Amino acid sequence: MSTLNDNVIRMPQEWNFRRKVLYYLNFITVEPTLYLYFMAFMITTVLENAFFVDKACRVNHNLNSSVCDDISNEAYSKLNKEVQITVSNFNFKNDIAGHGGQIILAMFMGAWSDKRGRKMPLLIGLLGKLYYSSMIIVNSLQPTWPVEYILYTATLPMAFTGADVAIFAAALSYLVDVSSSENRTLRVTLLEVVYLSTMPTGIALGSYLFGNVVNKSFTIMFSINVSLMILAVLYTCLRLEWRTTDKQTPLPKLRYVLCDFFDYKHVVFTFKTLFKKRLENRRRYLLLLIGVMGIYTFQREEKNTCYLYLQNVFHWTVGEISHFRTFQSALQNVGLITTIPIMSKFFGWKDTVIVMVGAFANIFGRIFFIQATTSFVFYTGGVFAAVGPIIQPVLRSMVSKIIAVSEKGATFSVLSVADNAFPIISGVMYSKLYNSTLNTMPNAFFYLTVVTQLCVIVAVIYIQCTATSEDNLIHSDKRDDYTDVDAENVET
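Sequential numbering of the sequence shown, starting at 1, is according to the numbering used here.
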């Protein structure tokens, strides 16, 4: 089955139902890859935090099973806080180790994929995540290994495959390559819906299997993760094309691949793409949008700290935290499916306005989280916060419209760094803030999220006020041809 580019081929009206179904199936490209990848990690997302706590409890603090199996119990509050500090310190080290290598590779990977295609970096990233899950299994089978061994045996090696940055940058670039500018926002949004649909189902399924089927075995749960990652790798190998544009050339011989990949010209091209002069302040808007993506996703590392907070303050069990995550992620999917089409198509709102709506929703959600003393109030905050993820697909679509086709890989690799590697900063800040306020104001980390979302609002207000028309945010080869443009009209 070949990939269908919606720029080129239209469906004849006289086709029968079967041919129409096959026609639409040809549009499916990276969606199953991201679905399987996300399903793998949603099944274990809450359990991964629980595994870190369990490791720290049993090995680092040498506590017995009766305590560690019920560590969220209020009777063990003092011991729980000691374990939480250990896990919080591990989280920020793990974040740094997990994302440092990805940032370095992103400088090469994006420009290289523009030249050689998206499939190889996507496969390398998937294999890195497959390795990570496999090593978590190994760690779960070693009763004397402390939680820090996960960093050395699983996280660090994974980081040097590009992991999340490679997967997202390559998948999004692939999708944009085969999408028309008219359908791009819709297809990017549908991709978000597809892989985010795994959040409620994956978290709920993982919680059920962990508590009712596998007798709380971390080894079996991460084995399921590995199985799904293998399927993602196989699908990518068999279904996706090596090249998605005519400008991409075949891979060189195997012995030259590393030299071809780590060519310094890729780094030069990436920086030139970001900082090249563009008409109508588009360089400024491009850099600002990438920054906004990083600031927005800053709050992603709130998740790990929130797990500790809910265990410490509300004394929720793994199952109760899973139920809340399932509830919130289900609402997120409903929000993505309904709010973006309504706002953009029905009301005709600009992308910048939609981003502001998402940021305000995040702020209102955190206000409820901060004030919550009961589960009901905390769940109410989750309702507001569930609208926040509408920001990401809109930002990605805005970035894709500003750049040329030949710049997609380089730009999306940097965008994916902002999207996935920002925890190298945010993880440290959330962990340190939580540790320092654990005994006085444990909900202080929610204020940090509020500040970041206010920064998002300020940035998009600036874009809204300075971009006199939407054409200023859309790339045009004719207008960006600087050989025919007076220098006075080009941003300096």
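If you are wondering where the hints come from, they were derived from the structure by calculation, not from laboratory data.
Treat the numbers as computed from the prediction; the structure is a model and nothing was measured.
Just so you know, even glycine gets a beta-carbon here, dropped at the ideal spot from N, CA and C.
Treat the hints with caution; some may be incorrect.
As the list claims (entries may be wrong) - Quick list of simulated restraints, FRET-style, between CB atoms: (1) K93 <-> Q371: 49 to 57 Å; (2) Q371 <-> C455: 20 to 28 Å; (3) I104 <-> T440: 36 to 44 Å; (4) L79 <-> T373: 37 to 45 Å; (5) I230 <-> Y149: 30 to 38 Å; (6) Q464 <-> V214: 24 to 32 Å; (7) I28 <-> N443: 22 to 30 Å; (8) T373 <-> K432: 37 to 45 Å; (9) I230 <-> N62: 52 to 60 Å.
As the list claims (entries may be wrong) - Listed next, the in silico SDA-like pairs over lysine to any residue satisfying Cα-Cα at most 20 Å (straight line): (10) K401 <-> R284; (11) K115 <-> G319; (12) K401 <-> F275; (13) K216 <-> K93; (14) K345 <-> I363; (15) K81 <-> G100; (16) K303 <-> S436; (17) K216 <-> I337; (18) K277 <-> S406; (19) K93 <-> V450; (20) K81 <-> L433; (21) K303 <-> V138; (22) K303 <-> F51; (23) K345 <-> I230; (24) K272 <-> I290; (25) K303 <-> K345; (26) K303 <-> K401; (27) K276 <-> K93; (28) K81 <-> K115; (29) K81 <-> S436; (30) K81 <-> H475; (31) K303 <-> K277; (32) K93 <-> Y149; (33) K93 <-> F160; (34) K276 <-> I290; (35) K303 <-> L287; (36) K78 <-> L331; (37) K78 <-> K93; (38) K93 <-> L438; (39) K272 <-> V450; (40) K81 <-> K265.
Hints, one by one, checked against the model:
1. For the hinted restraint 49 to 57 Å between K93 and Q371, the CB-CB distance of approximately 32 Å leaves it violated.
2. Between Q371 and C455 the Cβ separation comes to about 22 Å, which falls inside the hinted range of 20 to 28 Å.
3. The given range of 36 to 44 Å is respected by I104 and T440, whose C-beta atoms sit roughly 38 Å from each other.
4. With their beta carbons about 24 Å apart, L79 and T373 fall outside the hinted range of 37 to 45 Å.
5. Judged by the Cβ atoms, the range 30 to 38 Å given for I230 and Y149 is violated: they are separated by roughly 24 Å.
6. Range check, Q464 to V214: about 50 Å between beta-carbon atoms, so the 24 to 32 Å window is missed.
7. Distance hint check for I28 and N443: the Cβ-Cβ separation is about 43 Å, which falls outside the suggested range of 22 to 30 Å.
8. Our hint of 37 to 45 Å for T373 and K432 is violated, since their Cβ atoms are close to 25 Å apart.
9. The given range of 52 to 60 Å is broken by I230 and N62, whose C-beta atoms sit roughly 36 Å from each other.
10. The hinted pair formed by K401 and R284 meets the criterion: a straight-line CA distance of about 14 Å does not exceed 20 Å.
11. Under the criterion of a C-alpha separation no larger than 20 Å, the hint pairing K115 with G319 is inconsistent with the structure, at around 47 Å.
12. Between K401 and F275 the CA atoms are separated by roughly 16 Å; this keeps the pair inside 20 Å, and the hint holds.
13. The suggested pairing of K216 with K93 is violated, with an alpha-carbon distance near 27 Å, which exceeds 20 Å.
14. Proximity of K345 to I363 is assessed by CA-CA distance (about 25 Å); at most 20 Å being required, the pair is judged violated.
15. As the CA atoms of K81 and G100 are separated by approximately 29 Å, the hinted pair breaks the 20 Å bound.
16. At most 20 Å may separate the alpha-carbon atoms for a hinted pair to count; K303 and S436 meet this at roughly 18 Å.
17. Of the supplied pair hints, the one linking K216 and I337 is violated, its CA atoms being roughly 34 Å apart against a limit of 20 Å.
18. Distance hint between K277 and S406 is fulfilled; the C-alpha atoms sit about 16 Å from each other, no more than 20 Å.
19. Proximity of K93 to V450 is assessed by CA-CA distance (about 24 Å); at most 20 Å being required, the pair is judged violated.
20. This hinted pair checks out: K81 and L433 have alpha carbons roughly 14 Å apart, not beyond 20 Å.
21. Proposed proximity of K303 and V138 is contradicted: the alpha carbons are some 25 Å apart, above 20 Å.
22. Annotation: proposed proximity of K303 to F51 holds, straight-line Cα distance about 15 Å (limit 20 Å).
23. The straight-line distance between the Cα atoms of K345 and I230 is roughly 38 Å, outside the 20 Å bound, and the hint therefore fails.
24. Under the criterion of a C-alpha separation no larger than 20 Å, the hint pairing K272 with I290 is consistent with the structure, at around 15 Å.
25. With a C-alpha separation of about 32 Å, the suggested pair K303 and K345 falls outside the 20 Å cut-off, and the hint is violated.
26. In summary, the hint linking K303 to K401 is not supported, as the alpha carbons are separated by about 31 Å, beyond the 20 Å threshold.
27. Between K276 and K93 the alpha-carbon distance is near 35 Å, which puts this suggested pair outside the 20 Å criterion.
28. Straight-line distance between C-alpha atoms of K81 and K115 comes to about 51 Å, which puts the hinted pair past the 20 Å bound.
29. A threshold of 20 Å between alpha carbons decides the hint, and for K81 with S436 the separation of about 12 Å falls inside it, so the pair holds.
30. For the given pair, K81 sits about 52 Å from H475 by alpha-carbon distance, which is inconsistent with the 20 Å threshold.
31. For the suggested pair K303 and K277, the alpha carbons sit about 38 Å apart, so the restraint of at most 20 Å is broken.
32. Our distance criterion of 20 Å between C-alpha atoms is met by K93 and Y149, whose separation comes to about 12 Å.
33. With a C-alpha separation of about 16 Å, the suggested pairing of K93 with F160 holds against the 20 Å cut-off.
34. Of the pairs offered as hints, the one joining K276 and I290 holds, with about 15 Å between alpha carbons and a cut-off of 20 Å not exceeded.
35. At roughly 27 Å between alpha-carbon atoms, K303 and L287 are farther apart than 20 Å, so this suggested pair is violated.
36. With a C-alpha separation of about 35 Å, the suggested pairing of K78 with L331 is violated against the 20 Å cut-off.
37. For the proposed pair K78 and K93, the alpha carbon gap of about 24 Å is over 20 Å, so the pair is violated.
38. A C-alpha spacing of about 19 Å is found between K93 and L438, which places the hinted pair at or below 20 Å, so the restraint holds.
39. The straight-line distance between the Cα atoms of K272 and V450 is roughly 34 Å, outside the 20 Å bound, and the hint therefore fails.
40. Restraint check: the Cα-Cα separation between K81 and K265 comes to about 49 Å, which exceeds 20 Å; the hinted pair is violated.
Violation of the numbered hints given earlier is confined to hints 1, 4, 5, 6, 7, 8, 9, 11, 13, 14, 15, 17, 19, 21, 23, 25, 26, 27, 28, 30, 31, 35, 36, 37, 39 and 40; the remaining hints are satisfied by the structure.
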